[in-house]
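Student: Construct all of the structure, not just a fragment, from the sequences and the given hints.
There are 2 protein chains.
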Amino acid sequence: MKKPIKRIVVATLLLVMAGAEFAMAQKATWIWYPGDYEIWLGNKMQNRRTERGTFFPPFWKMDSHYVLVEFSKKLDLKTEETIRLKVEGQYNVKLDGKLLFGYPENVTIPAGKHLLNIKVHNQSTVPAIFVDGPTIKSDNSWLVTFEDKEWIDESGKASDTSSGTVYLNAASWNFNAPDELPSQFKLATEPKAAVSSEKKNNGTLYDFGKETFGYVKFNGLKGKGTLNIYYGESPEEALSTDQCETLDRIPVDQATARDVTVSGSKAFRYVYVEDEANLSYSSVSMLYEYLPLDYKGSFRCNDEQLNKIWDVGAYTLHLTTREFFIDGIKRDRWVWSGDAYQSYLMNYYLFFDSPSVSRTTFVLRGKDPVTSHINTIMDYTFYWFMGVYDYYQYTGNKQLIEQLYPRMKSLMDYCLSRRNSEGMMQGLAGDWVFIDWADFKMSKAGEVSFEQLLFCRSLETMALCANLMNDPENSAKYSKLASDLKSKIFNVFWSPQYNAFVHNRENGKLSTQVTPFTNMFAVLFGYLDQDKTKAVKDNVLLNPNALKITTPYMRFYELEALCALGEQKYVLKEIRDYWGGMINLGATTFWEKYNPQEKNPELLGMYGRPFGKSLCHAWGASPIYLLGKYYLGVKPTSPGYQTYSVEPCLGDLQWMEGDVPTPNGKVHVACNQKEIRVKSDEGTGTLRFKSASKPVCKGAEVKQTGDKQYEMTILKGQEVVVKYKNVE
Amino acid sequence: MKKPIKRIVVATLLLVMAGAEFAMAQKATWIWYPGDYEIWLGNKMQNRRTERGTFFPPFWKMDSHYVLVEFSKKLDLKTEETIRLKVEGQYNVKLDGKLLFGYPENVTIPAGKHLLNIKVHNQSTVPAIFVDGPTIKSDNSWLVTFEDKEWIDESGKASDTSSGTVYLNAASWNFNAPDELPSQFKLATEPKAAVSSEKKNNGTLYDFGKETFGYVKFNGLKGKGTLNIYYGESPEEALSTDQCETLDRIPVDQATARDVTVSGSKAFRYVYVEDEANLSYSSVSMLYEYLPLDYKGSFRCNDEQLNKIWDVGAYTLHLTTREFFIDGIKRDRWVWSGDAYQSYLMNYYLFFDSPSVSRTTFVLRGKDPVTSHINTIMDYTFYWFMGVYDYYQYTGNKQLIEQLYPRMKSLMDYCLSRRNSEGMMQGLAGDWVFIDWADFKMSKAGEVSFEQLLFCRSLETMALCANLMNDPENSAKYSKLASDLKSKIFNVFWSPQYNAFVHNRENGKLSTQVTPFTNMFAVLFGYLDQDKTKAVKDNVLLNPNALKITTPYMRFYELEALCALGEQKYVLKEIRDYWGGMINLGATTFWEKYNPQEKNPELLGMYGRPFGKSLCHAWGASPIYLLGKYYLGVKPTSPGYQTYSVEPCLGDLQWMEGDVPTPNGKVHVACNQKEIRVKSDEGTGTLRFKSASKPVCKGAEVKQTGDKQYEMTILKGQEVVVKYKNVE
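These protein sequence lines are chains L and U, in that order.
The opening residue of the first sequence carries number 150 in the numbering used here; numbering runs sequentially from there.
The opening residue of the second sequence carries number 150 in the numbering used here; numbering runs sequentially from there.
Just so you know, not all the hints are guaranteed correct.
The list cannot tell twin chains apart, which means a pair is met if one copy fits it or any two copies do.
[Said to hold, decoys possible] Heads up, simulated DSS-like pairs for lysine-lysine below, C-alpha to C-alpha not over 25 Å straight-line:
| # | residue 1 | residue 2 |
| --- | --- | --- |
| 1 | Lys558 | Lys210 |
| 2 | Lys815 | Lys547 |
| 3 | Lys359 | Lys349 |
| 4 | Lys235 | Lys193 |
| 5 | Lys210 | Lys593 |
| 6 | Lys635 | Lys262 |
| 7 | Lys457 | Lys176 |
| 8 | Lys593 | Lys748 |
Derived by calculation from the structure, the hints in this document are not laboratory data.
The structure displayed is predicted, hence computed values, not measured ones.
Tutor: Right, dumping it as structure tokens:
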């Protein structure tokens, strides 16, 4: 039976690929060397942070694009055609090895086989080309290299570049017109008005109604003096002129009234303006700045609080999904791998915007040589590997792995070179072992079990990717390293005494502390047998005396692990308590940190500063992921949703309904106590559910797989409607 | 006896270092991350080449500067002081860990101990700072890093960067005023007039009298139309409108007369201008563009032809010593390692401009990762290593090795990773094995003996540098690799049959061809015993039937080897024949290639193009090196001319006189048949000479060291005058 199935899979793949190529040839787009645009844009964006009016750049290495890039394309034309060329940079054009004069903007190419090369130099912005002709169009099928190695010998013969030159397929985003220059990229903006204003102290406090991001605008401004603008995610912050995190001081000198938009974008809900006596303006508004994205995922249920949580989560993710997935919009406005990894997962259940994932993955990796962990954080290196493979699993697109595989290997080489004599990784000079901003004390020294676990998962990921890249030798190497490390993790850190993983080993001495991190990730990675799973659930995850997580960051994985263990009811309560708790405190976006258990919870301060905490932090938005994956219950079971599963779980809800996006469509799920409806635009799904009665579905087979357990197939485009009886 | 000597050496070194530091603190200069300015300037310069009006960039990887750099300095102030700050880029200033507001231009620092950090972001040009205060001045004592790794924990505590952050000393050139922005660097220019003009065909041919470089200028230009400008190193080239290598087509549209300078610099002696009927101008002149340099070295003798050769050589080297040492001024105008290595050596005998050597060394190396050989050429990688050590030997400055040592190691790792199973290097995919543009056929495949010889020398160089860097482990490793390889070279390639090294081994089969390259370099490296030296001299170097070298490039080493063997008389004849031959043919600078033995020598064509040959090529200038090192006879015997030797050799000359520059002065040598005079500004020299009679020197001891062999010491500042009788 195996062979026919294989054949079908292959045929489908070929169709998909042919379709992709056909689609590509339809329109021209600006192209560049993979990763280069992302790195350049990342430099621009991550160097925009200010702290109280002072430039505040990252502390890790920022790379640069290749300043000299060659683009090439083999052509086979039925008829002569003329192409238009637009280039960002100084360039030359070579047709069949012969240089054309000057900087041609139009080139006519005769019928037949030809080789077209365009070589571009650009120091300030990314070398990029846009080529458009009747059939010739710049797209991902073009090849690029940063060293063509073509030299001319004494007799005038060009060297053979076919074996010694490394080419990649060109990369693009969505600059699909000649005048949409990649170097001129700007997010979209939209004018918004303040909802109220109030005289306070020596100025006016404006409230924009909810957390937002953009450029404050003074309408009809005139006079001479300085505008002092203090931004706040809270009114307290905006009014604290000497402690608010961001501010602007704008010199004004204009006799006639003119609208003035502040040049630096900021995050705020409140803006407090103090101006000097001889300035006047008619009103204050703003330009809201955002990445235009479709909300492809959705969730609605009978619990309005949960609906509100989903909405606030979606808005939080949207605000932090910009040039890249960033951590928070007030600070750091940087790309952090651990934060981004969560954004990727949430994105698959909301925007399904693959370019945002790929851009972020590229900018995080930067270029060789690897001189430190990603963001200098050991755990963040490991999340990066995991994110690359997830991208393939959700999108079905192998290209990201293809483009990144050499950089994946060199990053893993860096890790492997930093193992200790036990084959484990521990923080060396310059390494930041982060894990979490926890309220309890934990050691980051020695061999931290959590880091070994992520390292092990990263090695497994490398083995999978090596396989995809037809590199069986390295796949075997990584698999062996992973399984050896896994044995060590269990041998060293699993404590029969505590029936859980302990935190670390320092100078050969095992810790007696049980922290949640290693334990809950071991559940998520499927590393535990039934007994150990139960032990972790009872001793760590559901143990009221266990150490408490107080960041949404780690609550993400904690609650996911509980969902994976079927604790959806419990998790719903936690969501209401934690995220509902923030909303009850007035949150319009979710926060970097929140501890509802504290007596006088610190709502605004962090990092030793009274307004240091970010009140719009991507890692706060996890309910959108949990609700999509573990309540609507949709996830891919093979790359790109070719197959997927739907396991709806109401928890304590009466009904729920929503969409989970897939690469080219969505899976719609509606579920109440008596009926489940599922419809999908693509792929072949398996619906699994429990029912207290024998379920009924018109025109489709429902298979019983166990006690009250049922399963059925969902075909593309055909709605499945099942009558059943919820057992919860 | 050993101990006192050591103590003296150490004391001297300390004095030198203290002196250097004292000198540094005297003035502020623009500083940056080592190599970054060079790489940036190299991108700018090497992407200026055009070929017949088309942009013609290099074919190797071009790196970029770090876009985000932190500068820091520990201060200990006796009194409060205010510094002025000028920065290229967006920046912040941190004093004792506290960020100052905005972009401060003046900072007052209280008395006492402080830490000052300035962090700069600049994508387009190199992050650079200029700091000037009464005692605080930006100079090479400042530290720089491209990843400071300073993060802030949840409590606000900054991480410890003392162990995990890699700092280097800042680099500088000679931008010593706040307004001399490194990004605005331009070579000097000087107006020059054409010496004659002549109506030809449809235009006018202007002759500037000799080879030159710069910008053509049209004085009093007016009208509407296109100026067609054809450049020629020869009149034939300028007049060949469809084959000349460089040209400009300038659209003109101006009713009133105005001077117009063409924007792209070109190499030429002749300029042929064709303009459209309705254009007029009063005259054509040029702006000669050059790097201002002192001619510290000099040479004069009784042979006027030799004096002329020296002058033309010096001018050739000056024209090709620009932002960097380039190959030729017409083309490629790129930095080539093999060419540059010769420029370094010539420079030590003419300008002694160390910054030009260090700039060129940095730009050639670029950054990690190493993805190909330097300029993609295997031999050029090896010359690079040799050049770094020579720099130390001639200048006595260890800093270049300090800054480059990590990049030296990674480049050597690249080489080591490309050895075959025999431990030898052979051209792999993408490698260019160059050796020379020879007129005879030679294989570049398999194990080329010449490449192994350079590889061996590079390993020896690495061992020396590792020692200097207090890295005994690697020094031992490189030494062992070198000696193993050396044995192999002799075992495999030394042919008892031919009594010389044979050319290569391909698929296990040894070649029977004896080429000059390996043999003459083995002499220069001192690898041969007396018998083998004699064999090489007789069978290769002085054998009229041996394969002939026809580039000044390899004649450089051929004649140097002969000089090293005492054949100065023979070499003078060769110089007169070869370089004198070019002058007799009208050369005003020396050429890329010249074969006086050809019947109808190809004077202008190369690379399959009628005017492809460069008529001003750095590697053509070797007589200035040979005359300084082997006739005046001056060379360092310990780093920086702390000790040196002077071995004057007249060859067939009656008299000669000249200067050889040293780091802080010069050695003056005057010599005729009866008298030798030597005076030096620094170091301790040893004068060695032959005399047919017992030499006499007032007030100094002359030691006889062999038959007619004498030796005496030259002390700093004291002229030695010896009466002797030349034996030649």
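Student: Are the CA atoms of lysine 210 and lysine 593 at most 25 Å apart within a copy, between copies, both, or neither?
Tutor: within (23 Å within a copy, 40 Å between copies)
Student: With 25 Å as the alpha-carbon cut-off, assign the pair lysine 558 and lysine 210 to within, between, both or neither.
Tutor: Result: close both inside a copy and across copies, 19 Å intra and 21 Å inter.
Student: Go through the copies and call it for lysine 593 and lysine 748: within, between, both or neither, with a Cα cutoff of 25 Å.
Tutor: Neither: 28 Å inside a copy, 79 Å across copies.
Student: Are the CA atoms of lysine 359 and lysine 349 at most 25 Å apart within a copy, between copies, both, or neither?
Tutor: Only inside one copy: lysine 359 and lysine 349 sit 19 Å apart there, 78 Å across copies, limit 25 Å.
Student: At most 25 Å between C-alpha atoms: does lysine 457 with lysine 176 qualify within a copy, between copies, both, or neither?
Tutor: neither (40 Å within a copy, 64 Å between copies)
Student: When no copy is specified for lysine 635 and lysine 262, does a C-alpha distance of 25 Å or less occur within a copy, between copies, both, or neither?
Tutor: Neither: 54 Å inside a chain and 50 Å across chains, both beyond 25 Å.
Student: Within, between, both or neither: how does the pair lysine 235, lysine 193 come out at a Cα-Cα threshold of 25 Å?
Tutor: both (23 Å within a copy, 22 Å between copies)
Student: At 25 Å max between alpha carbons, let me know whether lysine 815 reaches lysine 547 within a copy, between copies, both or neither.
Tutor: within (20 Å within a copy, 65 Å between copies)
Consistency with the previously given hints fails for numbers 6, 7 and 8, ordered from lowest to highest.
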